[in-house]
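Asks: Spelled out from the first residue to the last, the chains are:
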Amino acid sequence: MRIQERLHHFKGHMRGATLGLLAGVALIGGTALATPAMAKTITAVMHSGLRVLDPVITTAHITRDHGYMIYDVLVAVDENFKPQPQMADWTVSDDNLVYTFTLRDGLKFHDDAPVTAADAVASLKRWGKRDSGGQLIFDVTESLEAKDDKTIVWTLKSPFPALLDTVGKQSAVPPFIMPERVASTPPEEAITDYTGSGPFVFVEDEYQPGVSVTYRKFEDYVPRSEPASWMAGGKNVKVDEVKWVTMPDAQTGINAILSGEIDYLEQVQIDLLPLLETSEDVTVETRDELGYQTIGRMNFKHPPFDNKKIRQAAQMALSQEDVLGTLIGNPDYYKVCGAIFGCGTPLADESGSQTLTSGGDIEGAKKLLEEAGYDGTPIVLMQPTDVVSLTAQPVVAAQALRNAGFNVDMQPMDWQTLVTRRASQAKPAEGGWNIFFTNWMVPEINSPLISPMLNGRGDDAWFGWPKDDKMEELRAAFIAADTPEKQKEVAVEIQKHNMDEVLYIPLGQYASPQARSNKLTNMIPSPVPVFWNIEKAD
Amino acid sequence: MKFKTRSFDDVPGVLEVRDLTVRLAGNDTAPPVLDRVSLKIRQGETVCLVGESGSGKSVTSLSIMGLLPKGALVATGGRIELENRNLLELGPQAMRDMRARKISMIFQEPMTALNPVIRVGDQIGEVLDTHTRLPAREKKARVLDIMNQVHLPDVERIYRSYPHQLSGGQRQRIMIAMALILEPQLLIADEPTTALDVTTQKQILSLIAELQETHGTAVLFITHDMGVVAEIADTVHVMKLGQIVEHAPVEDLLRRPRQEYTKQLLQSVPSLTPRAPRAMSADGTVLSVSGLQKVYGAHGVFVRREPTRAASDVNFSISRGRTLGIVGESGSGKSTVARCIMRLVDPTDGDIRVADQEIARLSRRELRPYRKHIQIVFQDPFRSLNPRWTIGRSLIEGPLNIGTDKQAALKRAAELLTLVGLPDDAVNRYPHQFSGGQRQRVAIARAIAMEPDVLVADEAVSALDVSVQAQVLDLLDELQQKLGIAILFITHDLRVAAQICDEVVVMQHGRIVEHDTAANVLANPQHPYTRALIEAAPGRQWDFANFRELQTA
Amino acid sequence: MLGYIIRRILAVIPVMLIVAIFVFLLLRLTPGDPAAIIAGDAATPAQLERIRTSLGLADPLHIQFLTWAKLLFQGDLGTSLISRTPVTQMIGQRIWPTFNIAILTIALSVLIAVPMGVLAAWRHRTWVDYLVMAFSVLGFSIPVFVIGYLFIQAFSIELRWLPVQGYAAPSEGFGKFLSRAILPCLTLATIYVALIARMTRASMLEVLGEDYIRTARAKGVKETVVLFRHALRNAAVPIMTIIGTGFALLIGGVVVTESVFNIPGIGRLTVDAILARDYPVIQGMILLTSGLYVFINLLIDLSYTFFDPRIRY
Amino acid sequence: MAASPQPAARLQWLFGAIAVPRGWRAGAGPIIAAIVLFVIVFLALAAPLIVPHDPLAMDAVQRLKGPSDVHPLGTDAYGRDVLSRVITGGRISLFIGLGAAVVSVMIGLMIGLVSGFFRTADAIIMRIMDSLMAIPSILLAIALVALNGPSIWSVMGAITIPEIPRVVRLVRSVVLSAREEPYVEAAIALGSSMPKILWQHLMPNTLAPLIVQGTYICASAILTEAILSFLGAGVSTEIPTWGNIMAEGRIYFQLKPSLIFWPGLMLSLCILSINLLGDTARDMLDPRLKKREA
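Chains as they are written, first to last, in the working numbering: chain W, 7 to 544; chain R, 2 to 554; chain V, 48 to 360; chain U, 30 to 323.
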C-alpha cells in the first residue's frame, strides 16, 4: 500500500537523518505531480472544489462542469437555445411520438470501447430517474430502446414537444453518456468508474477531492465539424492538460492569477475587480451574459407564510436594488430583473414585479400585513455564514422585513446546516424554517419544465412545499404547447401566477465575471465554463 | 581537646581582603550587606568564618570568587588581593582564569552543586578543558588520579557515573576533586559538610585536612558549627550582620572569647553531656509502639521493584512528662516512624496505642477523634503555617474541629501565644511577619492548643540558628514541665538529643539499634553504630558553653 | 524502559477510545446531512432519503458506531461520504504537505526560539530580555491569518520575492518547495517561537539560579559553555514538553495557514469535511491528530531520558 | 475566611507568602497595558452610548467607502460604519474572552479539586481530560460551533471546553504539591476533615495561578474567536465581534486594509495588554522567581 511504502521510505530517511531536518524534509516524498515535459497545461481555479464525481447524482455545478469535461451528450443546446446534434442526429415521427437518434461514427469511450446505443439508453434511463425534467419525459414514455449499435428509438405515449430541449439542456443535470456498466449503477449510489466519452480524460491518480483534479486530452475524441456554440458544435481540444485547483480564499486566487501562477479564475468577486483591472496580463470579462438569479423562498406549510397576503407583503417589502447593490456592488455586473425565467431568455416576462424592481414598497407591505392580521409570529430566516454569494441576501432582507413590521429571527448557520434544515417540515420554532435564499444559474430556471421552484405538488415539491394546483395546470399546459408562441403565452401566465402566489421571490440577476490570463484565447462564451477551443500561448 | 596551634606569623599570605564593602545593587541607603570586612589567609592556613544565618559569611566567599549575583549585590569598596592583584578590578576573562587555578570553591549542597546531567568524570575534566590543553588520555589520567586522591572507590566506574548515582559523601568528594585538581592556592569551603551526616562529615573534614597537608593549600572554611571550628581551624573570624566582630587563633577564641556576641554564640552550643536525668513519673504510658513496620513500593503491574523497608520492628513507649529522642542519620527511618505514629502515612504492620486506643488500623474518619491526643511540630518553620491564614486562625483550627466555641478558642489562642513567648496581638498577624524561631513557637502553640498527650517534634529545631535553637529547646522543656506532655523528639543532632531527652532510641536502616536512657547512650554506648556516631561529633571533647575542656563526670 | 513504554501504550487505549466515542457522538448529534451535499440544491426530500439509506446513515446510532469501530479495528477508516474515496487514501494524499511544513516549522521555531530564550534569560532584565519578551507576547497577540496576509503582502506582492500561494512537494525540487513553504512556516512559527522562547527563558532562568551553575562558573568555565552545556540541557525537559503540547497549537495554526496559503494539507481537509459533514473523514482526521498528539507526547516523554539521566522509566 | 477587614489582608489571603517581592517594579509596560485595557473596556461598555451609527444599519450605496466625516473609518461591504462596529465588536469579543476564562476556570477548579483529592475519581477524570487535550482544540471548536449554530454561546462554549483540561491539570498539580506541605499535614493532625482541608487550605493555593491562567485564557479566547470567524464558524455578522469584522473584511485586505487593520489593531492591543498584565501577575506571584530575587 502506498502509505506504508511512504512510511517505510520515511523511516529509512529518519535513520540516516544526520544531515539535519531540512535535508530530511527534502527527501521525504510528497505527492509528486509528474508533468510531461513541455506539455501545455491550463491551470484553472474553479468556483468550488470538486468532491462528487457523479454528475447524475448531484446538481452541484462543479460536478456538472466536470461532466462536460469527460462526457459527451447526445443533443446539446446552442447559444440560441436551439437543440443541436452532438453525439447523435435525430428524426421525429409525424405524430411527434417516436424519436429516433442515430449515433455518429467514431465515438469512443476512454477505455477504447466504441459508444453504442445500449450505453446511451442506459445513461438516459439513469438520468431519467434523477432529473426532474427527465422524470416528466419518462412519465409519458412508452419505450426507450437500442434498435442496433447505432440507433436509439424513444417512443412516447403522448407528445412531449420540449423533449429535445430537455435532453439537450445544459443544466442542472444533463444526460451524460456513460458506458452501460457504469450507467447501471442505481441512481442513489455514486458511480465509481469514471470512464468517459468526452474530449478529456479524468486522471484518477492525480485527483485530490476538494483540492485538485487533472484532465488530459482524449486523443481519440472525434469532434464535430461545426463551430462550437455553447455545448454544441466541435469540441476541439488544443491543450494537453487542464488542471482545476481549488482556492478557498478569493484573495489568494486573484494574487495567483496576477503573478501568473494560474491561468484562469472562473469567478472573481466583484469587489475585488480593481485589483485585476490594472494588470496587463489578465483580462476580466463576463463569460456568461445570462448569469445567475438570486431568489428567496418561503415555507408554505407554516404560519405566517401559509397566508398568501403575508407572502405578498414580504415580497413587497423587498427591493432588488438593495439586495444586488449589497451583494454585488458594481452595477455593471447586476441587473434588476423581475422575470422569473430570467431576463435575456425566450420566456422572459416581468409582469407583477413592479415593487421588486422599483425599490420595494415598505408602506404597501405594512398595509398588507395589517390587512392579513399578522400577529407578530417570528419569522425564522436562515442565514448561511460560509457561502460568500449568499451572505448579503438574508441580511438585507431581514432589515427590509423588519422595516415592514415583520418580527424577524435571523438564525446564522453554516450552509450544511441550512440545507439539512430546509428539508425539515417541522414548525419553525421546532427546527423548521420560514424563509431562505439561494442562487440559480439562469439556464436552470429558464423554463417551467426545469425550474424546481415552480413545482406545485405539495410535499413532493421543492423545499417550501407549495400545494398549487393552478400552477400544475399551467405547467401541463406548457408541456402541451407545441409552438414557441403558445409556450410564451403560458409562460406569461405562470409569471403572473407566481408573482401573485409568491411561490418564490426573484431578487434579480447578476453576472459573475471571470479572469483569464491573456495567454488564453478563444474561450467560448457559455454558462458552463468549457475548456475546448481554448488555446494557450507559450 | 587538641587544637591546631601552628603559628602563621612568618608564613607568606595568600589572600588579603581589606575593608570589603558589599551593598544591594542600586540601593545606597540600606545598610551594607558586608561592612568593611577584612581578613587574611596565609599558606596552609585554615581560616574559619563563623556566624549565624544572614551574617554575611557566604557573601564574603562569593565576593572573593567574583560570583556575586549580578544585578543584586555589588562590591562597592575595599580590595581583595591575591598575588598582588586586586580581584575586584579584574575583567570577566581574567577573573575566569583565576578560578580553579588560583582559587577554588566547594559548596554546601553536594546534591545540587553538581550538574545532574553530566557525568562526574566529565565535570572534573571540564576544569582541565577550561584551563589547560591536555591530550585526552592524559586528561583522563589526571582526573582519575585526583579521584583516587579524594579516596573515591572504583574510580573507573564513578568516572562514568552521574551525580544522582552517588552518595552525598561521594559527591562532596567529587566537588573537592574538582576544586583541587589544578592545585589552587586557596580553597573556599562554604559549609561543605552541613548537609552531610556526622559520620560522613568527619570523613570529609579529614580529607580536606589531608589534602591541605599534601598540597599546602590555604583554606577559607565557612561554617555555623562551632564543633567543626574546634576541629579544623587555625584562625577563627566571627561574623555578625556583615561585620567581623572578632578574630583570633582558635584556642584563644574558644577559651577566651572577648566579645559578648562570641560568648553568646558559644554558650548556645548544646553540650554533648546529657542533662541531669529526671525522675520517672508515676503516670502511665501515653504512647506505645510495638512491632511497627513500614514498607514502601513493591506493587504495580509492570514494575518489579525491591520493596524498601523504611522501618521494621520498632518498639518503644513514652510516659507522661517524659521525652524520648529518636536519633539517626538520614535514611535511618526516624521520620518514617514519626509519620506513621501521626498516621500521615499508614503503617504496614504493628500497633500504635495512643490514649489507650489502638490507632494503627483505624480509618481516617475513625481516627479523627483521637487526633487531639497526639500532635506534631515540623522542621521547616516557613512551610508549617498556612501563609494565607492569620496566626489566630491557624491556632484555633484544631480546637474548632473538636467542637470548641470560637470565642473561647480565640481567647485560648492569645493565652497560648503568651505562653510560647509571643505578644498576644500576634493573633491577627500573618506568618510572614515573623522570624523562623517565632514561627516555630507558633507551630508549637498550635500543637499545644489541642492539649495533646504526646507531642512529636520532627527535627523541630534543625533549621534554626544555634541561639534560637536553644530558646526553642528551653520553651519545649518549660511547656513539658507546665503541661506534663510527653515528647517524641526526632533529631539527627546528638547534642540536641543530649539536652532534651530522657531516653534515646538510636535507629539505623529502619531498625532500633540501641535504646536506653540518654545518659547511658551518650556516656556508655553499646552498639558500634552509636559509638561511631558519638565519635564523629565534632568538638566533642570541648565544653563550649563553659570555654573549657569537657569535664568527664 | 520497555515496561514503561508498554504501559504508556496501554494507557493510550482508553484515551483513544474516549476520543473515538466522543467524536462519533459529537458528529452524529450535529445537524447537517451529507446526503444533501451529495444531492445538490435541486434534490427533493424523497431523493435525499434514498441517498441517506444507501450511505448507511439511516441505521441506528450504535449500529453505525459498531460498524465504524469494527472497520477501525481493521485499520480501515472508512470511505468519504462525499467523494467515495477511502479516508486513508485521502489522508495519504494530504498529509505530506502538512507534515513537511510542520517539520520545517518546528525545526525553524526551535532554531530561532531556543537561542532567543537563552539570550533573554542570560541577559535577564536588560533590553535584550525585554525585546524577546515583547516579541513573544506579540506573537501571541496577532491572529495567524493576519500574520499570513502581512507576509504575503510584504514578500509576495510588494517585494515579489516569493509565490503568493500553493505548495510544491520537496520532490519537485527543494528550492521550489522552500519558496512556497517558507511563508507558511514563518507564519506558523510566530506563535510557536513565542511559546518556545518564553518557556526557554523561564526554564533557563530557573536553571541559572541553580547551584551547579554557580559551580560551573566557579570552575572558570566560559559563559557560552555555562549557558549551552550546563544550563540548556537541564532546562530542556520543560522546553521539550512545551514543544509537545504546542503541537496542538500547531494543528490549529495549520488549519488557518493552509487556508491562507492554499496548501492542500490535512488541516483544510478537516475543515472542509466538518463543513460538509463528511463523518468518516472528520472521525478519521480527529483520531489521527489525537493519536499523533498522544504519540508525539509519548516520544517527548521518552526523550526526557536523553536529556536527564535521572529520569528512568 | 479571613475576617480581617483591611484590603492588604485580603491580598495576603489571596496570594499568601507569594506577595509582591521587595524591590519589584512594574515598569512602564504593565501600566500602559492597564491603561489601554481600561480604555478598551470603557469603550466596549459605553458602546451603545458613544457609537456614531447603528453598527447594524446597512446602506448599499455607501459600501466600502473610505474614511469620511460621517464614517471616520469608512464603511464595510454592507455599508455599515466600521468605527461603530469596531467599538461595538469589543463588547462581544471581551465578553467571550471573559466568559470563556471565568467559566473554564470555575469548572476546571471544581474538577481539578475533586481530581486532586479523590484518588479513584482522579484516574477516570484524568483519562477524560487527556482525551480532551488530545483532540486539537480548534477542530473541536469548529465541530462544536457547527453542532450548536454560530451563536455567542456556542462559540464561547467551543472555546471554553478545550481550555478546561488545562485548568484541571493546573489545579490538580497545585493541589497535589500543596498536599505535601507541612501545614496541610498539620491540619490533618489537627483533625480537620478532608473537604475542609481541600477548600480552606488547598483551594486558595490555586487562586493565584488560576488568575494568571485566566488572563491567558481570556486572551486566547478572543484570538480563537477571530480564528473561528475566519474559518466560517464564528458569531453571526449581526453581532459584530472583532473576529467576524476581520473575517468579513479579509477578502478586501488589499483594497481596504482598514477593514482588517482597525479591528485587528484593537484585538491585538487588547490581547497584548491582557497578556502583559498576565505576565506581570505571574512575575509577582511566581514563588520561584521570588526566590531568585531574594
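Check before you lean on any hint, since a few could be wrong.
What the hints assert, rightly or not - Sample of chain V residues facing chain R (criterion: CB under 7 Å; computed from the structure):
#1 Arg97
#2 Ala216
#3 Glu219
#4 Lys223
#5 Asp258
#6 Thr262
#7 Arg264
#8 Ala265
#9 Gly267
#10 Val268
#11 His277
#12 Asn281
#13 Phe353
#14 Arg357
Honestly, the hints are just simulated from the structure, not real lab data. By construction, the Cβ of each residue, glycine as well, lies at the ideal position given by its N, Cα and C atoms.
Asks: Next, verify each hint and record whether it holds.
Replies: Hints, verified against the model:
Interface restraint check: V/Arg97 against chain R, minimum CB-CB distance 52 Å, threshold 7 Å, status violated. With 7 Å as the threshold, the beta carbon of V/Ala216 stays out of range of chain R, its nearest partner Cβ sitting at about 39 Å, so the hint is violated. With 7 Å as the threshold, the beta carbon of V/Glu219 stays out of range of chain R, its nearest partner Cβ sitting at about 42 Å, so the hint is violated. Because the closest C-beta pair between V/Lys223 and chain R is about 42 Å apart, greater than 7 Å, the hint is violated.
Annotation: interface hint on V/Asp258 holds; nearest CB of chain R at approximately 4 Å, less than 7 Å. For V/Thr262, the suggested interface contact is upheld, since its CB lies about 5 Å from the closest CB of chain R, less than 7 Å. Hint on V/Arg264 holds. Least Cβ distance to chain R is approximately 6 Å, under the 7 Å limit. The beta carbon of V/Ala265 is positioned within 7 Å of a beta carbon in chain R (closest approach about 5 Å), and the interface hint is therefore held.
The interface hint given for V/Gly267 holds, since its Cβ lies 4 Å from the closest Cβ of chain R, which is under the 7 Å cut-off. Checking V/Val268 against chain R by beta carbon gives a least distance of about 5 Å; that is within 7 Å, so the hint holds. Because the smallest distance between the Cβ of V/His277 and any Cβ of chain R comes to about 5 Å, under 7 Å, the interface hint for this residue holds. Because the beta carbon of V/Asn281 sits about 6 Å from the nearest beta carbon in chain R, less than 7 Å, this interface hint is met.
Because the closest C-beta pair between V/Phe353 and chain R is about 10 Å apart, greater than 7 Å, the hint is violated. At its closest, the beta carbon of V/Arg357 sits 5 Å from a beta carbon of chain R; the interface hint therefore holds under the 7 Å criterion.
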